[in-house]
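**Student:** Mind docking chains G and F on chain W? Use the hints.
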Amino acid sequence: MTSRKGGLRAFIWPAVLVYTLLFVVPAIYGAAISLFDWSGIGTKATFRGFGNYLFILTDDAFRQSFINTLVLAVSGGILIFLAAFCCMAVLRQMKGRGFIRSVVYLPNIISPIAIGAALSFALDSRGALNQVLSWIGLPPQSWLGPDLVFRCIIAGLAWSAAGFYVILLMSAVDGIPEDLYEAASLEGVTKVQAFRMITLPLSWDVFATCAVLWVIGSLKVFEIVLAFTGSANSGVPLSARTVAIQQYMAFNDPSGLPHLGVVSAIGVLMFLLSLVLVGLTRRLTRREALEL
Amino acid sequence: MRLSRRTASFMAIGTIAIATVALSGCGQKVGGGDAGEKSGGTVTYLTAWPADTPQAKIFAQAAKDYTSKTGVKVDIKQLGNGGSTAIINASNSGTGPDMFDDSPDNAPAYRSAGLIADLSDVLSSKAEGESTTIKEDYPKSVIDAASDKDGLAFIPHTILSGGVWYDANAHPELVSKAPASWDDLKAEFAKLKESGKVPIAQEGGNASYNVLWFYWLMLRSHGPGAILNLSKSADAWSDPAVLAAAQEVASIRPYFQSGYDGSRYPNAQNAWAQGDYVFDLNGSWLAGEVKSVVPSSAKLSTFPFPTYGADSKSVEELNVLGWTVNAKGKNAKGAKEFIKFLVQKKYIEKIGSDALNIPARSDVKAPSALAAMQKAVLDSSATTGYMDNAAANAPTWYKDVLLALDDQLVFGKITPEEFVAQGKEKTAAYIASGTR
Amino acid sequence: MTSHIAHTPWHRPPESWGRKVSRLFGDHIVPSAIKAGIWLWVAFNLGLLAWVLMTSLKSTRDILLGPFALPTHIEWENYVTAWDTAGFGQATLVTLIFVFSSLVLVMGFSLPAAYGLARRMDRTASTLTAYFAMGIALPMQTVLIPYFVVNTSVGQFMTDWVTGAWDPRIGLVVFYSATAIPWTVFVLTAYFRSLPSSLEEAAQLDGAGPWLIFRKIMLPVARGPVTTIAIITGLGAWNETLLVLFLVPDGAQRTLPAALLNMYYGLQYTSNWGALFAGVVLLVGPIVAVFLWLGRRIIEGATLGANK
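As they're listed, the protein sequences go chains W, G and F. Just so we're aligned, residue 1 is where the first sequence starts under my numbering, counting upward by one. Just so we're aligned, residue 1 is where the second sequence starts under my numbering, counting upward by one. Just so we're aligned, residue 1 is where the third sequence starts under my numbering, counting upward by one.
So that you can see chain W by itself, here it is in the shape it has in the complex:
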């Protein structure tokens, strides 16, 4: 017994070592840097205490980016899980559901840069979407203008991410025995009610996990915004900045001297925020485990 444990220890410690030395320790180092004002190797580092954090929390641009990120997390999540719930209600009986799942999942593995580039081309004022609208008779919109661009980003993000959650939840749905639904329909329960009373409660665990995964992921949204809006001359408009984007812009400071302490502080705040949101999400989705 002991020798087996000892043998397994050797299996585990290399990964723990690598993880600790190359991920956890740098994170702590990053937290240390966040207490200084530093512009890179070769420049002096002055201690600032929590000055960087105060700066972030009071600066307009950062505050906007935090708000944007939260809006993205919430509204993106609503869009995604609405779509996922709809699929859970009907996909099981649809013909070609394997095909549907594959096609719906595909955008999730495509680089967000490619998605942002393609979508922003289509959403230009003279682009494909406005052309389609004109065929239907609807007025064209400035999709990439300051009012709508962030909503388009959220929509694009939700569209590309939804497939992942659909397949996760569908695999949970597939585990629900068919005769439950048969019994229900014989009782006169509609399909929609069946979703609410059978499907959702029995897959709630998986849904809770999905919610946590989404919340963690939504805080890190970066590439899709860059590809949607960024340009060499103007950076990303304020209405579209997420926290990760704001960090990148602090790194590429216009004065040429990056404030690495501020950049690190944002990173630390992002971690704390993800812990808080994960805790919140788990509390909101907590339920008695439903056994079958």
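Keep in mind that a hint or two might mislead.
Claimed, not checked - Interface residues of chain W toward chain G, partial, derived using beta-carbon atoms under 10 Å: (1) GLY42; (2) ALA61; (3) ASP124; (4) ALA128; (5) GLN141; (6) GLY235.
Hints were generated in silico from the structure; no laboratory data involved. Cβ coordinates follow ideal geometry from the N, Cα and C atoms, glycine included.
**Tutor:** Relative to chain W, chains G and F alone:
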């Protein structure tokens, strides 16, 4: 026993890995300071020009010619979208280039990082195979524009300026009688709109283009320093000229193309080049950028920004693009030699003929579209740097205050009065915070 | 109970009118609307792919004619521009090496660790599992600056003192692998736990050591899901952009997504949308190809994580 076998295999792998790294090192020279002294050394040139631009091709050709002539290899690397930060970071960590290209509005950042070598010896030398010193090859105003208080920062190859672009073939009446005053121009806008045309191509997605209207109106009102002063004192915003300029900007919004605020850069200028819109207030580089989409029936031309108000100042913007030598690079000497080769007339000429920009040398002509602009810029009694030097001296203010507020003004999200009030407030906050 | 209901459907009380409406809604209208919506979604995804492909084959003039105009001729030049001038050929090579090296490192460390954690049923194991789980919530953004500083310092050190040349991408592979380990360990631990221990018990009774059991029994059994996790890790590495932007300053040395971003930013000079879309196809094409070939596997693997 098995434990030790596993440990042994780990150790073996580790040893092999280290040995490989060490052996690979043996085969290579350890980089030393004398890399340039050897015959057939290397010059690393970090260029901001994407590989398929005419400028990149001109410089690559020059590099090839240089290598075949001297045997010195020129390693051209692409900067991508990293900007000055990438160059500064790379140089600080010892992997910086020997030379790079940029414009004087980034000079302060490079100077504070100690990255600009002393270029006076290049100025007093002669270009390859020519009889005049390099300093004499350029107009004085161009050399001044490329210098700051510490001396010459860049050896220029292109002059950048701005004006109003239009298609001379579609609107021949403007060739002889370009709108001379702002009111004339506005009347022209109104006339065009009435006849069903779209007067202005506005690149809503590019903040540094949106600001051009306000910028030129302020330059005409107060001359050089008009914009820079707005970054230095919040009270400067109370000047009635600022409100008047903002109101003018708001008044021309009806003449922009519909959907301009959702237009992704560079779609508006491409549509303009194809004849969908009439005017484009832009930089001297526009013809070069739309080269691939402009139909052969068009003849792009420019006129300078019109006079404005009773006491209009005749100031032109004179900015340059050029090369500089990295003081922290390994082969500064080699870079300087290569630059002396690059500034030959035959290469700078191509800036005009291939890249459709204004070449910086005095003995090279600009393309016909830019001839008038070149003359105006070089003859002008007063010139100012890019964005009135605000982008160079107050970059954070420029990006976060001026561009941000101007975008809102141009999109109609705030009124001119709000623009002035918020400008005042944010400039005061900027000055108080002490960032550059 | 089921049989009781099945025998007496005709004894159901007559439906009220409200009931009828709710049945109409719940059984027909809403489900049909949803099904239509799903098919629309599928059509949109496929349509977008086709549209991107079509646009990549149009010349700049064709593109400016209109987003849905069919190409007048096939502009292969777009792909040549993307491959050569925009450096996508180089970037593909870089990306392949990056993906492969990261995979080796990640799987090499994660597989044994996951097996070890799965079979050790004590408190240390569950603490360590939670420790790895924390890594999933730790964003890359927190470690960007430290990675940047360490990578440039190591690069400088190696260049000056050891080998004379150093590639920042070595740091990229190492650091990226470190950040990918937590999720991989977590998912694989859950999977190994789900395998019955009877598999190994026989071998243990024969006196086989843990390494032999791992190599000769567990790995072959787990080959399917492990391959899938490896594919997913590889896909993640293929699409990784943020770390590349921070750690690899030289544009020519970057991976495909960064190359696409570069080209995108350079669009203002060339307006070559066709080449940009060709770049998109070059970036996305291999992924789609892998997906068509192994799609079901990938989907199975993605669900392993949630169903624990």
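**Student:** Each hint: holds or not?
**Tutor:** Each hint, compared with the structure:
1. Annotation: GLY42 (chain W) was flagged as interfacial toward chain G, and the flag holds, the nearest CB pair being 4 Å apart, inside 10 Å.
2. A cut of 10 Å between beta carbons decides the hint on ALA61 (chain W): the least distance to chain G is about 7 Å, and the hint holds.
3. Hint status for ASP124 (chain W): holds, given a least beta-carbon distance of 4 Å to chain G, under 10 Å.
4. Residue-level restraint check for ALA128 (chain W) is violated (minimum Cβ-Cβ distance to chain G is 12 Å; threshold 10 Å).
5. At its closest, the beta carbon of GLN141 (chain W) sits 7 Å from a beta carbon of chain G; the interface hint therefore holds under the 10 Å criterion.
6. A hinted interface residue such as GLY235 (chain W) counts as satisfied when its beta carbon comes closer than 10 Å to some beta carbon of chain G; here the least separation is about 7 Å, so the hint holds.
Hint violations for this structure: number 4 only, all remaining hints satisfied.
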